[in-house]
Amino acid sequence: MTTRAGFVALIGEPNAGKSTLLNRMVGAKVSIVTHKVQTTRARIRGVAMEGESQIVFVDTPGLFQPRRRLDRAMVAAAWGGASDADVIVLMVEAHRGITDGVERILEGLADVGQGRKVALAINKIDRVPSEALLGLTKDLNDRYAFAETFMISAEKGYGVDALREWLAGELPEGPWLYPEDQIADLPMRMIAAEMTREKLTLRLHQELPYQMTVETENWEERKDGSARIDQVIYVVRDGHKGIVLGHKGETIKAVGKAAREEMEEFLGRKVHLFLQVKVRPNWLEEAERYSEMGLDFKDGN
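Be aware that the sequence shown starts at 3, since it is given in my numbering, and climbs by one per residue.
In short, the hints are calculated from the structure, not lab data. Hints may contain errors.
Stated by the list, open to error - In silico SDA-like cross-links for lysine to any residue, where the CA-CA straight-line distance does not exceed 20 Å: (1) K243 <-> L286; (2) K300 <-> D86; (3) K119 <-> A147; (4) K119 <-> K158; (5) K158 <-> K243; (6) K225 <-> K300; (7) K300 <-> R166; (8) K243 <-> Q278; (9) K255 <-> E267; (10) K243 <-> E267.
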């Protein structure tokens, strides 16, 4: 029996559906999915098994024009994830086609894609007629020599099996990199923090989510099998603290409840979740916050 294992980087613009595809491939919710752009900050890896192959997905932050230090660190992490991978999958939204952002990624691929296979996955195909898809496929393949093109809907699951089977066959031969039952290499503390951040992002809108981070400060295993998890939500100013708490603490209560329920489902046991909100005006400039998110502070320079 020949086993294969390797890394696959999913790249694309923010909101292209990378996290949804990762979760669909891995079969569990590992990367947070929200309708907000730029929610995936770190290179979350999910592990999928396909026959005798182990596919380790590197879910990169969306590639966009960076403005702030955090943005620059995220874009550096995305290209870093791609250049460490055995195979790259570029995701493009069918209904948006070749945007300026996609053009920039194609330019970057000319460099990063050298010496490795790059596949094209056109996502959200249920949103456009088939003739438009054929035109888009031709345009993209004229601009870059993709090894293979897949038409998929990450959300509905169309075409995902074919993509996974193809990836499994393209990986280098070798022993598996992770125990078979391990779905993500992110420590549980970080996954739990991401779950809370997702719930906050869904409830609060506009600028606030990008100026907010969540850290798991303490994780205590209880004798009865449950876990006590203490998390801190850092915001940059006092006004934001009020928004996160909400009228009479309603917002934070609702967020805590939703996050706790998701953690319980994920861990398969009871969770006691305690949330605190702290103002840290400079967290966007603190190296420590970046390493908590799996990013490199220096990449933001």
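Here is how each hint holds up against the structure:
no. : hint          : result
1   : K243 <-> L286 : holds (16 Å)
2   : K300 <-> D86  : holds (18 Å)
3   : K119 <-> A147 : holds (9 Å)
4   : K119 <-> K158 : violated (26 Å)
5   : K158 <-> K243 : violated (37 Å)
6   : K225 <-> K300 : violated (41 Å)
7   : K300 <-> R166 : violated (34 Å)
8   : K243 <-> Q278 : holds (10 Å)
9   : K255 <-> E267 : holds (18 Å)
10  : K243 <-> E267 : violated (28 Å)
When the structure is compared with the earlier hints, violations turn up for hints 4, 5, 6, 7, 10 and for no others.
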